[in-house]
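For chain D, the structure is supplied; the task is to place chain U on it using the hints.
So the protein lines, in turn, are chains D and U.
Be aware that the first sequence starts at 1242, since it is given in this note's numbering, and climbs by one per residue.
Be aware that the second sequence starts at 1291, since it is given in this note's numbering, and climbs by one per residue.
Please note: incorrect hints may appear among the correct ones.
[To be verified] Derived coverage of chain U by chain D (criterion: at least 3 residues anywhere in the stretch with Cβ under 8 angstroms from a Cβ of chain D; other residues may be distant):
| no. | region |
| --- | --- |
| 1 | 1310-1318 |
| 2 | 1527-1538 |
[To be verified] Straight-line C-alpha distance at most 20 angstroms; calculated SDA-like pairs for lysine to any residue:
| no. | chain 1 | residue 1 | chain 2 | residue 2 |
| --- | --- | --- | --- | --- |
| 3 | U | K1491 | U | H1505 |
| 4 | D | K1352 | U | H1345 |
| 5 | U | K1531 | U | M1490 |
| 6 | D | K1352 | U | V1344 |
| 7 | U | K1491 | U | Q1507 |
| 8 | U | K1450 | U | K1531 |
| 9 | U | K1450 | U | T1498 |
| 10 | U | K1491 | U | A1519 |
| 11 | D | K1352 | U | P1383 |
| 12 | D | K1352 | D | A1342 |
| 13 | D | K1352 | U | Q1380 |
| 14 | U | K1450 | U | F1316 |
| 15 | U | K1450 | U | K1491 |
| 16 | D | K1352 | U | R1363 |
| 17 | U | K1450 | U | A1519 |
Hint data in this document are derived by calculation from the structure and do not stem from the laboratory.
Quick reminder that beta carbons are idealized off the backbone N, C-alpha and C, glycines included.
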Amino acid sequence: MPKARLASWQQWAAFAAWTAALASTPLWATNYIAVLAVSIAMNTALALSWNLIGGFTGYPSFATAAFFGLGCYAGALAQRAGVPMPLAWLIATVVAGAFAAALGAIVLRLKGHYFAIGSIGVVEMMRLVISSWDSFTGGGDGLNVPLLSGGPNVVARVFLAVMIGIMAVTFLVTILVDRSRLGFGLRCIQQNEDAANMIGVDTTRYKVIAFTLSALFCGTAGAAYASWRGYIDPIESFSILMSIKVPVMCLLGGAGTVLGPVVGTAGFMLLEEVFWASFLDYNRAILGAVIVVLIFFLPGGLLGIAWHDIGTRFVRLMRPPKAAA
Amino acid sequence: MSATVLVADRLSHRFGGIQAVNDVSFALAEGEIVALIGPNGAGKTTLVNLMTGVHRPQSGRIRFGGVDVTAQRPFEAARRGLARTFQIVQPFPRMSVVENVAAAALFGGARSGVAEAMDAAREELAFTGLAADADRPAASLTLAGRKRLELAKSLAMAPKVLLLDEVNAGLNASEIDGALDLIRRIAARGVTILVIEHLMKVVLSLATRVLVLHHGQLIAEGSAAEIVADERVIEAYLGRKYAQRATAEKFRG
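Just chain U, with the same shape it has in the complex:
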């Protein structure tokens, strides 16, 4: 097993009366693709927000590359190589697509100047298949395009760990296939990935390991096959019918 890069140690966070994240611990090993699943309101996005400094956990520690980063602010997380995408895309709407990515390369990727950042941005646009849209205003992209832009921005920061918050939500089947391919190619670059995902198809085809969150607690952790067969996960999230179908498919081969 390779070295761990990101460790969450007994994280808890409460909003008023709601315990959004409750005593969650996990670790990501270098080069892994780990899926984080769970019903709506389970605390998945809050967990990502805690990991990237948007909220400061009320208890627990976060270590990144051996350093305690519990108190970091979002821009510090980005500069350290801990990048994330948003479930609701966050472009700079009146900048062009390439400027959006260049901003990420300049500030998050520590490029030395605007010109160098623009070059790096064009490379990431080619990688994510957005090269043809480079000079369009970001606001004019389709949803699938804007999701790709989010990915290009986070890649431009040269991340070690990438937290993807529902990058496939709202995409159609062929767009999802494109996004899956892209995520695989990102992983092939050696980036450790945590994906928050609702589509089990995506989870099963990508993840080497799955974490299941329910009511803010981690209720299961294991390989995709183990998770699909786990009683607690079926009860909380997958549902009886899905589990039967998945098991039947497995037996059919």
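Just chain D, with the same shape it has in the complex:
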């Protein structure tokens, strides 16, 4: 890459430090913060997943909520049928992945705006199907999911560990993809799909793989979310707002980078908390404006800023000016 990239150990170190910070919240912070940490871990997993199709491959997918919602329902229905919780999460992962593979073969023929609109359509279609299929999904009334025993504090800690685990696996997959033949091919597709095809990249296959990988852990996260909350309904599970927020988190940090989605999700959720607490009436509007400004002025995301240059310039500024010759 022409741009200076972080070394492998730096990426791991940064991620490990952040994971430790999130995991230790029950020890040093309020319950509210610990619940926020669960949410951050979950959204980081979603943003890292989106990054595989939206960042690496350059296909602006809004299908995150479709995979997440499918995971919610697959996990919940499996658990209600008596499947043990971890196995239900595994089923949800596979269902979301298989769905994405089948769907990808169709919608990945579309490009740019058309793909974006197609992927939004998928979320709506899923929501309508789940809402209407009363006999199987409970329809608009939603579904109760068997709760974990042991009081809210224990449950919160268990799900903090689970979501952090899902986040870590997604990060590991991202690192592996980034360094592999697959990641190289996806970058080629992102920069010039026709040229990628011409130099021997099987573009259709690579896109379907990226789309499938981007769905797998959304499915796991959805199922774990359903188990955590104990109740799901179609509107919350297939939320368009989620499909928009997750890409924004990724873009905020830096799409197509390994750490971008992690940084972006943290930044986004902390901003959201600050505005929520300070401006009860206008928080959404302010958040929207901040997002527009950030994406306009930081097209490469927070990681795209030349921090090194800023540092050098700052140091130069601090030095006394040379005497004029």
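Only chain U this time, still in chain D's reference frame:
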């Protein structure tokens, strides 16, 4: 005569009301440099697109190394050793020059890993004279540099046949001389080459054989000297004045 590597057998392709390629047949023998000339809109690029799987011919067959490849897709053509360059260059703009070539070596040249592909890419950059630009972003190259990059990419795929679509268009005289030299050196590696070209200077100095396309049809085929004297080619493409000058030059010696 050596073995034929690439055969086009009665290819036809139509876009809406336009018969872009009409019943074209030709064969390339191993190690040849063949020029494909013809006026704008004659169907030259469409023909290359048919040969490399960008479009599937509506009728006719293509054989490559004895295998029927009519239904191939572009990435399959690349992996088989049938590489092409684009008239309008197609780099991966935000990758470095060496990464561009490494991508071609990895996917088209069947290199086993990214590191090996990077090594192969550096060799091709040295061959094409781009070694000094290896770590620059591809988008920062001059037009001549980007044309060379296209060549380096296609070479990294270890092609048996190379289809060059106007690699000299837009270059100045000295850049063209450099490109000519490069094409000769590629041919010396044993690569069979089909060049689409408008510059007769290039055609005459490179090609062992010339194909002339007009309104989608192959109207003449022969050595450069025969083509320059061919009435149909003069009428359709070269023009009276050029033919007279070329003949006069020949008589002057």
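Checked hints:
no., hint, result
1, 1310-1318, "violated (count 0)"
2, 1527-1538, "violated (count 0)"
3, U:K1491 / U:H1505, "23 angstroms, violated"
4, D:K1352 / U:H1345, "19 angstroms, holds"
5, U:K1531 / U:M1490, "13 angstroms, holds"
6, D:K1352 / U:V1344, "17 angstroms, holds"
7, U:K1491 / U:Q1507, "23 angstroms, violated"
8, U:K1450 / U:K1531, "38 angstroms, violated"
9, U:K1450 / U:T1498, "17 angstroms, holds"
10, U:K1491 / U:A1519, "15 angstroms, holds"
11, D:K1352 / U:P1383, "19 angstroms, holds"
12, D:K1352 / D:A1342, "17 angstroms, holds"
13, D:K1352 / U:Q1380, "18 angstroms, holds"
14, U:K1450 / U:F1316, "17 angstroms, holds"
15, U:K1450 / U:K1491, "25 angstroms, violated"
16, D:K1352 / U:R1363, "19 angstroms, holds"
17, U:K1450 / U:A1519, "32 angstroms, violated"
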